[in-house]
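For reference, the chains in residue letters:
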Amino acid sequence: MLDCAPPLATDDVLSPLILITAALNGLMTGSIYALVALGLTLIYGVLHIINFAHGALLSAALFAAFLVWQKLGIDPYLAAVFLAPTFFALGYALQRFIVGPASRGDDRNMLLVTLGLGVLIENALLYEFHADTRTVELAYGFKTIDFGFTFLAVSRVISFAAVFAVTLVLWAFMRLTDTGKAIRAVAVEKLGAELAGIDVAHVYAIAFGIGTACIAVAACLLIPNYYVNPSAGNAFVLIAFTVVVLGGMGSVLGALIGGLLIGVVESLGGFFFGESLGQIGIFLIFIVVLLVRPRGLFGASA
Amino acid sequence: MSVQKDPINRRRFLAKTVLGFAAVSGSLTMPAALRAQGSGVKIGFLHPVTGALSYSGQQGRIGATLAVDEINATGGIKGLGRIEPLLGDAQSTPDGGTAEVEKMNVAKASCIIGGYSSSICLAVSQAAARYDLPYVVDVGVADSIVTRGLKNTFRFGPGFGVISKTALDNLVTINEAAGKPARTVIIVHEDSLFGSGLAKLLNAQLPAKGFEILETIPHPTPTRDFNTVVLKIKAQNPDLVIPANYYNEYVLLARTMLEQHVRPKGIYSVLGGAASSYKFVREFPDAAKYIMDCNHWFNPKSAKANELKKKVEDQGQFFTYELYMNYNAVHLVADALEHAASGDRAKLIAALANSTFVSPIMPYGPTKFVSGNNEGAAPANTQVLDNDIKVILPAEFANAKAVFPVPT
Amino acid sequence: MKTFVPIAVVVAALALVPAFVDSNVVLNFLIVTLMVALAGQGWNILGGYGGQYSFGHAAFFGTGAYMTAILQVRCGVNAWIGFACGVAAGAIAGAIIGGLAFRAGLRSSYFALVTLAFAEVLRILASVTPVTGAGVGILINLDLRAVSFQFQSRAMFYFAILALVAISLAVTQLIERSRFGAWLIAVRENEDAAQALGVDAFRVKLGAMIVSAAITAAAGCFYAQYFLFIDAGIGYGTWISIEALLTPIIGGVGAAFGPLLGALMVKSLGETAKLITGDAPGLDLMIYGAVLVLVIRFAPRGLVGALADMREYLARRFLSPRKRALAAHG
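Each protein sequence line maps, in turn, to chains U, R and X. Numbering-wise (the working numbering), the first sequence opens with residue 1 and increments by one. Numbering-wise (the working numbering), the second sequence opens with residue 1001 and increments by one. Numbering-wise (the working numbering), the third sequence opens with residue 2001 and increments by one.
Worth flagging that the hints you see were computed from the coordinates, not collected in a lab. Check each hint, because a few of them may be wrong.
Unchecked claim - So the derived label-pair ranges between C-beta atoms look like this: (1) X:Ala2182 with U:Gly192: 33 to 41 angstroms; (2) U:Phe97 with X:Glu2312: 25 to 33 angstroms; (3) U:Gly73 with R:Ala1350: 53 to 61 angstroms; (4) U:Ser15 with X:Ala2088: 47 to 55 angstroms; (5) R:Ala1178 with X:Arg2074: 40 to 48 angstroms; (6) R:Glu1307 with U:Ser15: 53 to 61 angstroms; (7) X:Trp2080 with R:Pro1181: 53 to 61 angstroms; (8) X:Ala2015 with R:Asp1344: 33 to 41 angstroms; (9) U:Asp199 with X:Val2017: 52 to 60 angstroms; (10) R:Pro1360 with X:Pro2130: 37 to 45 angstroms; (11) U:Leu297 with X:Thr2129: 25 to 33 angstroms; (12) X:Ala2280 with R:Lys1151: 30 to 38 angstroms; (13) R:Pro1360 with X:Ala2013: 52 to 60 angstroms.
All C-beta atoms, glycine included, are put in the ideal place defined by N, C-alpha and C.
Make a model of the complete structure from these sequences and hints.
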């Protein structure tokens, strides 16, 4: 029979242990936000577009992870290894052959194209898979690690660690490889980069591809604790935008720190003000950062 | 999980030349061979099959279609002929619903069934009222739907008021039968019309029944994570948790409570999104065990209900409340049409107003509409026991005894 | 006066529609289309003429709708007065949000994101505070009399929204031809240069924001009167922010008729897609999304831009060089 958790040994709801637990929860949810935002911040930082298709792509990635689990029996964490390159290719193709040509570099048009793409993808998922919610059932699905004052789900701890790993890899890539440097060059000065011989369209597509690959990994990390349906990804878009703004557009480190910070704020906000009103803390931070320091914590100066 | 393709090829009613601003005419043709005696009756089925509510909308449509096929298989409605369904998509918004009402009106529907969400039902009922077009709500529980004095609107199922009152009375009964182990409560509800409305009623009525509400926690739909909510529950250790939300959030909440080893004396939901859901029980048996709910439910002792359930499950679908609530609504209308002996809207409204239809599959008394609200309708109390959903109250429909408090 | 002739012609043509069409399907479609066009007209003043793309115009739509609903339901105020108050409330919201954003010097994407955030904040607040009915929303009493700004006949609603659209067109035209409009366009083209030339960019942008917000708020008030129910998701949801920016961009930003054309196109596209695809859920919206992408690919300046391109093409093909020159400078 299931053992009951002993009631937290305190009458005071504000005891430090409880707040620490809330903060820990926040860090873990925040890590997922960070990964989703990572994709967005790269796409924004380089292409200067707000990718309206981000939520739909996340939903598509969730379906991909689900199907791989359902049909091939592959664990989502392992699936990430080959879903990431697959979605990289998808993102590359989307930018190279649809978004790029359709928008011809105009910010506003890119906005609309990604909007149209988002609607298209989400409804394609709806048409193909219908609206019922799917979930994966994993052997370790409900296993938790006992920390004494709280239980942390094994899957969330793994996800947390994985986000750090991915961020590290990405940061190294951006700093140390030629492609990464090319991306950063285009982000800062497109014309100059072009004159220096960099194929800008190719770089744009790579950036979009990396962003999409991040979404795929985020989906694999998310799926053990969440669910899959055609609009599941939309719930993460606004909060990802907030992380991007807080962390600084285009900054990998910013996305990580921003994500963790937002996760903690959301958790504590929800704790003190209820889940509904608690969300407001996120957007107030969003607004304050934009008004006071638009480049965020680690972004380049505008 | 696949959805069965529609067995009959349904031709969608056409609205012509919205673009050309020309006159609009509705037309729908049925091959002559399919017509029985009587020229047929057109009924509009309006569900949110796309958008945020698409799963519920699609389940509703399946239920309605099942009933229509059943009726048409025996030649349709006595004296009037086959039912010709006009399928509409409310797109999960009130304006989507309104636009479809207009089209159904032009296509000469005798009646409209559906809506699902309370805000859509409100828009549909007032749009239909312009044409004195009878409208039968399938689910929408907000009391405001039937208290606006619209003569065309009927709701076969129970509304908020009845549901919360029954839920509380039953809670008291269950609690007393167990020796009153429960006193403190935390309510977790989704923050739109359905959840907030219910939470308001509960807040007003629970203290009078001797319960102390420790906290009322609203949350948005969708909510990404329930760890904070569960943390608060854990910290305050209530005897009972009362959730009122939609499927996905309910499941996340229950899973998180399981993970955190939070086991109050009982989880007693009122219109719980997943509590009375076979999908939930099948996919998360450990999280679902012992959960109680006061919700729309069918009569488990009815042979017809079980037969219908088996039929639906054989098709690979879940027997959910949206499905049988729509099934009922169609039969209610069919019965009224028979009594009215005509597809005329005014006659149908009169027939519905006087209806004493008894549904063979629901635990309701005989129908009695008062301003569109069916006073014979009632929810049932269920509990997840032995990996199945059993009815524990009212006694005359029950097929199991309540297990409360949850065994440790 | 001459500048208003095109508007008068279009409005008159639209006003004649109920004389020929008594189908409520069409009227309802047009009413919703015009309402969306109105919201877009508001957006266009700030976004099209001013170049400041707002992603959060729902903030004004919802404020207008809630203000009029609250005044009618909780304070018993007359619907028409409520309407005026709703528009005023929208304008004030515009002043506050615009003041904060422009004072902080926010531009392009940053401005867009901050407007989005403000709309979200309002949505969350509306979903929890008692005055807006929290989650339950507000239901305006059904009272089909002109004094309550509700009408038995759909045609009357049609004329009401048409009148509002006509006013917004006139306002847009006035702005376009005025000095204020010139400054606004200068700011759009190059804010720093305009500033250097003596234009007070902050005031100009703020002014545009206020007018823009008021017009979109009017659309919100109309929604409340037509559908009688408002909640946080309906009033402040992203759907209306997107519609408000989609219609001018599709129809042609910075053109007075842009939002109207865009609304007609977008809504007709939605209906056509539904007609073609029948019952399969999602298929019609797939087509909608695909067409959107294609439109941007082939007509990036919107319908107005495409029409202008076509006119230019025809002029090149068929006019003599002298007439061509005249047409180019006309």
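Do the hints match the structure? See the list:
For alanine 2182 of chain X and glycine 192 of chain U, the Cβ-Cβ distance of about 34 angstroms falls inside the hinted range of 33 to 41 angstroms, so the restraint holds. Taking the beta carbon of each, phenylalanine 97 of chain U and glutamate 2312 of chain X are about 29 angstroms apart, inside 25 to 33 angstroms as hinted. In this structure the hint that glycine 73 of chain U and alanine 1350 of chain R lie 53 to 61 angstroms apart at CB holds, the actual value being about 60 angstroms. Between serine 15 of chain U and alanine 2088 of chain X, the C-beta spacing of about 48 angstroms keeps the proposed range 47 to 55 angstroms intact.
Take alanine 1178 of chain R and arginine 2074 of chain X: their Cβ atoms lie about 43 angstroms apart, and the range 40 to 48 angstroms holds. Distance hint check for glutamate 1307 of chain R and serine 15 of chain U: the Cβ-Cβ separation is about 55 angstroms, which falls inside the suggested range of 53 to 61 angstroms. Separated by about 58 angstroms at the C-beta atoms, tryptophan 2080 of chain X and proline 1181 of chain R satisfy the suggested range of 53 to 61 angstroms. The hint said 33 to 41 angstroms for the Cβ distance between alanine 2015 of chain X and aspartate 1344 of chain R, and at roughly 35 angstroms that hint holds.
Checking the proposed 52 to 60 angstroms range against aspartate 199 of chain U and valine 2017 of chain X shows it holds: the Cβ atoms sit about 53 angstroms from each other. Here the CB-CB span from proline 1360 of chain R to proline 2130 of chain X is close to 44 angstroms, well matched to the stated 37 to 45 angstroms. Remark: the range hint 25 to 33 angstroms for leucine 297 of chain U to threonine 2129 of chain X is upheld by a beta-carbon distance near 32 angstroms. Checking the proposed 30 to 38 angstroms range against alanine 2280 of chain X and lysine 1151 of chain R shows it holds: the Cβ atoms sit about 36 angstroms from each other.
In this structure the hint that proline 1360 of chain R and alanine 2013 of chain X lie 52 to 60 angstroms apart at CB holds, the actual value being about 57 angstroms.
Violated hints: none; the structure is consistent with every hint.
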